[in-house]
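*Asks:* Keeping the supplied structure of chain A fixed, place chain B upon it in accordance with the hints.
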Amino acid sequence: MTAERKALINFENVSVQFGSQRVLQDINLTIEAGKALAVIGESGCGKTVLLKLIIGLLRPTAGKIIFDGKALVDLSDHELTQQRLRFGFLFQGAALFDSLSVFDNVAFGLRAQGKRPEAEIKEIVRQRIQEVGLPEGIVLKKPAELSGGMKKRVGLARALAVDPEVMLYDEPTTGLDPIMSDVINELILQTRQRRPVTSIVVTHDMKTAFKVADRVWMLYPLSHLRPGEEQVIFDGTPEQLRNFPDPRVRQFVEGEAKDRLREIQS
Amino acid sequence: MATVGREPPGGFARTAAALYEAIASIGEFGEFTRRTLSWLPRRLPSSSTLLQSFYTVGVLSVPVVAVTGMFIGMVLAVQSYSQFHQLGMATRLGVIINTSVVRELGPVLAATMLAGRVGSAMAAELATMRVTEQIDALDCLGVNSVHFLVVPRFLACVLLIPLLTIVANFMGVMGGALVSLQVYRIEEYYYWHNAEGFIGLWDLGTGLLKPMFFGAAIALISCHRGFKSTGGAEGVGRAATEAFVYSFIAILALDFFLALGLNNLHDALWHSAGPRLVG
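As they're listed, the protein sequences go chains A and B.
For the first sequence, our numbering assigns the number 298 to the initial residue and increments by one for each residue that follows.
For the second sequence, our numbering assigns the number 3 to the initial residue and increments by one for each residue that follows.
Calculated directly from the structure, the hints in this document are not laboratory data.
There could be a bad hint or two in this list.
[What the hints assert, rightly or not] Taking lysine-lysine and the DSSO-like style, the derived pairs with C-alpha atoms no more than 30 Å apart in a straight line are:
| hint | chain 1 | residue 1 | chain 2 | residue 2 |
| --- | --- | --- | --- | --- |
| 1 | A | Lys508 | A | Lys555 |
| 2 | A | Lys361 | A | Lys332 |
| 3 | A | Lys303 | A | Lys367 |
| 4 | A | Lys439 | B | Lys230 |
| 5 | B | Lys230 | A | Lys367 |
| 6 | A | Lys555 | A | Lys504 |
| 7 | A | Lys361 | B | Lys230 |
| 8 | A | Lys367 | A | Lys332 |
| 9 | A | Lys361 | A | Lys303 |
Please read all numbers here as calculations on a predicted model, not as lab measurements.
Pulled out of the complex, with its shape left as it was, chain A reads as follows:
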C-alpha cells in the first residue's frame, strides 16, 4: 500500500470560527489508516472541535476535510449519515440516552441500521458489554444508576457495537480516578488489538497520550499565539514529545502553571 492510499483523513487549511471567536486556524493534518493519534492541548484550544469536524457534527468556516477520498462538504445529508456509521464516538460525558436502559443504549446504533434481527443484536450487545469488562446484569440499568467509569465503558460498548473503522475518543479519562483512567486506556489499546481501527484520542491526560498513541499532535490556543505562529506546535511520536525542547510543549507535558496563573489573576 502506498503512503497516499493509507491516508484516511485529511485536513486541508481548515479554520473554524464561532461568531467573532476563532478556534482553529489553517490546520493541515493527515491521519493514516490503522494508526492512533493523540491530540493534546490546553482546555479551549479546539481539540473537541477538531474531533467533531471529522465526523461532520461541525462544519469548517474555511478549508475542507476529506475522509476516504471524499470531502465531507460535498456529501448530502443521507451520505453523511451513512459515512458516520463508519465512526465510533466516545463522548466526554459518555452521552448515554438517559431515557433508555444500558441494553437499549448499546443496541441503539444497530437497531437504527435496521439490518440485523433482534437475536443477533442481543448477542452483539452481550459481547460488547463483556469486552468493556461490565457484568451482564448491567444491561437493565438506566445511565443514572451508573458510576462515571461505567458510563464511559457503556459509551465505548455503544460506539464499538457498530464495528467502526475509526474510533474518536473525546477526553476518555476526564473525571475518572487513576485506576479507572488506566482501565479506559487499556480498553483503547485492546480495541486496537482486536480490530484494525484508526483511533483519534483527544486528551489532556499525558498518561493517555503516551500509552495509547503512535503519534501526538499538540494544539496551542489561538489567543496565545504570536502573529505568524502555527497553531500546531508539536507533531511527532510520544518518544519525541518526551524530549521536545519547545517551552510551551514542556510546560504542558510537565503540567506547570508558570505564566498562566499571572494571566488569570491579572
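*Replies:* Only chain B this time, still in chain A's reference frame:
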C-alpha cells in the same frame, strides 16, 4: 474554546453584532424549518415514536386545556353579564360567549396552553440532550436527530392542536352556559336559541385551521430553541423560557395575520360587507 483578546466593542459595533446575530438566528430558524419539513414527504418516524409524542402532546394536555377553557367561558359570562343585563339583552349572552370562544379564545387558549405545557418541556428536554451531547450521539449513530426528535413533536403539535381546540371550545361554551344559566338564571331556551346561527361552518373551520399554524410555530420554535441551546443548566432554563415567550408572540402575531387573511378570503368568496382592516 479559545478566546481572542480584543477591546470591548463600542456602541455601533455592539448594535451591528446584535443585528448580525438576529439575522443569523432567523436564517438558522429558516434552515431548521426547511430540514424538518423536508422529512415529511420522505419518511415518517416510527409508529412507537409518534405514539409517544402524541400521548405527551395530546392526551396529557387535555386536562389543563379543559380546565382553562371552562374558566375562560365562566369569566366571559361574569364580565359580560352586567352590560348585557343593563341593556336588557341578558338572553343574548350566549352569542358573545360562544362566538368569542370559538373564533378566538379557544384556539389561542389551546395554543397558549400547549406552548406553556408542551413547548417549554420540549425545549428543556432537547436542550438537556444538546448540552449532554445526546443529540450529537444520535447523529454519530447514524440517526438523523431532526427526523428522530423534531418531526414526531412537530406532527403531534400540528395534528392534535385542533382536537385540543375542540376541547377548549366545548369547555368554554359549557363554562359560559353554566354561569349564565345557573348563577344569573338566564332562561335556558332563549340563551341557546339566541346563540344559534352566529357560529357557522366558516367560523368552526377557521377556528380549527388557525391552531394548526400555532401548533407548527410552537413545535418549530421550541425544538429550535432546544437544539440551539448552549451553556449548561443556565442554557436549558433559557431555552425553556425563550420557547414559551417566542411561541406566545408567534401565536398572537399569527392570529392577527391569519384573522386578517381569512376575513379577506371570506369577503372575496361571499362578498360580505363587514368592517375589515384592509381590502
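*Asks:* State for each hint whether it applies.
*Replies:* Status of the hints after comparison with the structure:
{"no.": "1", "hint": "Lys508(A) - Lys555(A)", "result": "holds (26 Å)"}
{"no.": "2", "hint": "Lys361(A) - Lys332(A)", "result": "holds (21 Å)"}
{"no.": "3", "hint": "Lys303(A) - Lys367(A)", "result": "holds (14 Å)"}
{"no.": "4", "hint": "Lys439(A) - Lys230(B)", "result": "holds (26 Å)"}
{"no.": "5", "hint": "Lys230(B) - Lys367(A)", "result": "holds (28 Å)"}
{"no.": "6", "hint": "Lys555(A) - Lys504(A)", "result": "holds (21 Å)"}
{"no.": "7", "hint": "Lys361(A) - Lys230(B)", "result": "holds (24 Å)"}
{"no.": "8", "hint": "Lys367(A) - Lys332(A)", "result": "holds (20 Å)"}
{"no.": "9", "hint": "Lys361(A) - Lys303(A)", "result": "holds (19 Å)"}
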